[in-house]
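Chains as they are written, first to last, in the working numbering: chain X, 56 to 169; chain Y, 363 to 474.
Some hints could be false.
[As the list claims (entries may be wrong)] Straight-line alpha carbon distances no greater than 25 Å define the calculated DSS-like cross-link-like pairs of lysine-lysine that follow:
(1) Y:Lys365 - X:Lys64
(2) X:Lys96 - Y:Lys365
(3) X:Lys77 - Y:Lys407
If you are wondering where the hints come from, they were derived from the structure by calculation, not from laboratory data.
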Amino acid sequence: GGIITQTPKFLIGQEGQKLTLKCQQNFNHDTMYWYRQDSGKGLRLIYYSITENDLQKGDLSEGYDASREKKSSFSLTVTSAQKNEMAVFLCASSISGGHSYEQYFGPGTRLTVL
Amino acid sequence: QQKVQQSPESLIVPEGGMASLNCTSSDRNVDYFWWYRQHSGKSPKMLMSIFSNGEKEEGRFTVHLNKASLHTSLHIRDSQPSDSALYLCAASRNNYAQGLTFGLGTRVSVFP
């Protein structure tokens with residue numbers, strides 16, 4: 056088994072601020088993902104990475120940067136926080152390739168922008 | 363427009379009853395469907411996945427897939443209060459590393 060850790064658990068920022076969210080996994084998975092979830096609704100893909108130093112944009116990448124410096128960690132930066140923004144950012148990881156690649160999710164970082 | 367459409371948006375089911383959830387993809391390149399369950403305040407966890415036409419059963423949960431219509435459904439029999447959660451359908455284009463496309467979810471409430 057393994058675990059995904061996300062820090063911080065809660066993040067409060069100011070409008071225009073640059074904010075960084077971190078994710079660590081010990082599954083030894085190759086692929087990692089960042090999703091955004093608004094108001095208990097569906098998830099939207101922001102970025103994913105198939106290996107160390109690789110980055111691929113998802114549908115929601117505008118306004119975000121990502122970094123995969125190590126296999127076990129994947130960071131997401133909100134480049135300029137939007138006023139009244141509230142969302143949960145979920146990190147996930149999976150084995151690349153194969154017939155089945157279940158994604159395992161971390162507990163999330165809840166963002167509030169004042 | 364949402365590429366993965368789920369219905370209904372919410373569902374109230376009596377304990378012991380059957381819950382039926384639907385999901386359709388508008389992306390003809392989709393190959394695989396996934397059902398995730400997310401309890402309130404928790405992260406999503408995979409419930410079932412299906413890649414072939416037909417039916418798959420695991421305990422009280424049954425998934426159907428019609429690849430021609432890109433429609434999948436999830437059925438929960440003998441529903442329990444612990445089944446109350448947001449059920450997310452997701453689709454992927456192939457079995458390699460890409461992100462999943464999720465629907466908006468169906469919120470299921472099971473009352474005693």
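Quick rundown of the hints versus the structure:
no. : hint               : result
1   : Y:Lys365 - X:Lys64 : violated (30 Å)
2   : X:Lys96 - Y:Lys365 : holds (14 Å)
3   : X:Lys77 - Y:Lys407 : holds (20 Å)
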